[in-house]
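In mature numbering (1 follows the signal peptide of the UniProt record, and there is no 0), the protein residues as written are -19 to -1, 1 to 131.
Keep in mind the hints are simulated off the structure, nothing from the lab. Here the structure is a predicted model, which means the values were calculated and not measured. Be aware that a few hints might be false.
As the list claims (entries may be wrong) - Ranges between beta-carbon positions, derived for each pair: (1) VAL46 x ASN11: 17 to 27 angstroms; (2) HIS123 x ARG64: 25 to 35 angstroms; (3) LYS37 x LYS65: 23 to 33 angstroms; (4) GLN121 x ASN19: 29 to 39 angstroms.
To be verified - List of simulated lysine-lysine pairs, DSS-like, C-alpha gap at most 27 angstroms: (5) LYS90 x LYS37; (6) LYS65 x LYS37; (7) LYS65 x LYS90; (8) LYS117 x LYS90; (9) LYS117 x LYS37; (10) LYS65 x LYS117; (11) LYS22 x LYS117.
Built from N, CA and C at the ideal position, the CB exists for glycine as well.
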Amino acid sequence: MKSIQILCALLLTLAVANASFVCPKPCGANDICVMIDNNCKVLPWWSCQEVTMAVKMIGQWNDSVNNCVYSQWEVTVTNHLPRKITNLFIATDDSLTLRDSASIWNIAKNGNVLSLPAYQPSVNPSASYTFGFIIKGTHQPHMIIKAVTY
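Make a model of the complete structure from these sequences and hints.
See the structure below:
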């Protein structure tokens, strides 16, 4: 019975991970899947010119009550194409140590995947979209754009 539960948990994890990104082609750890007019291309993230992401620390402070250091961050995603982004997935990891569940805004978080929120379903052509968060510590969290759909 325990092995069935473990197998089900692994299959669910695999299904969520595979459903999160838009390309039918496999995207490696350092790749971004770009879908334009139902045509998918897999690019190394450093060579992708269609969409970029800039991460900036806004400030940091010491919380003497909790004896903890916090920092606020701003992330700007820029669409460099003359067409609308309709879907975007940003992968992160445990380095995104949010202060609490309310310490992230203008982005949807599902596990270690960030995506556009329901109230912001797209990013206009040649425009930018900004979201933010507060984390424990002053380290820059690991984040990489994994998939974008135009």
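Against the structure, the hints come out as follows:
At about 40 angstroms, the beta-carbon gap between VAL46 and ASN11 misses the expected band of 17 to 27 angstroms. Judged by the Cβ atoms, the range 25 to 35 angstroms given for HIS123 and ARG64 holds: they are separated by roughly 28 angstroms. Hint check: LYS37 to LYS65, Cβ distance near 25 angstroms, so the stated range 23 to 33 angstroms holds. Distance hint check for GLN121 and ASN19: the Cβ-Cβ separation is about 35 angstroms, which falls inside the suggested range of 29 to 39 angstroms.
Simply put, LYS90 and LYS37 have alpha-carbon atoms about 19 angstroms apart, close enough for the 27 angstroms limit, and the pair holds. Among the hinted pairs, LYS65 with LYS37 is consistent with the structure: their alpha-carbon atoms are about 24 angstroms apart, no more than 27 angstroms. Between LYS65 and LYS90 the alpha-carbon distance is near 22 angstroms, which keeps this suggested pair within the 27 angstroms criterion. For the suggested pair LYS117 and LYS90, the alpha carbons sit about 17 angstroms apart, so the restraint of at most 27 angstroms is met.
This hinted pair checks out: LYS117 and LYS37 have alpha carbons roughly 15 angstroms apart, not beyond 27 angstroms. A threshold of 27 angstroms between alpha carbons decides the hint, and for LYS65 with LYS117 the separation of about 34 angstroms lies outside it, so the pair is violated. Of the pairs offered as hints, the one joining LYS22 and LYS117 is violated, with about 36 angstroms between alpha carbons and a cut-off of 27 angstroms exceeded.
In terms of the numbered hints stated before, the structure departs from hints 1, 10, 11, listed from lowest to highest.
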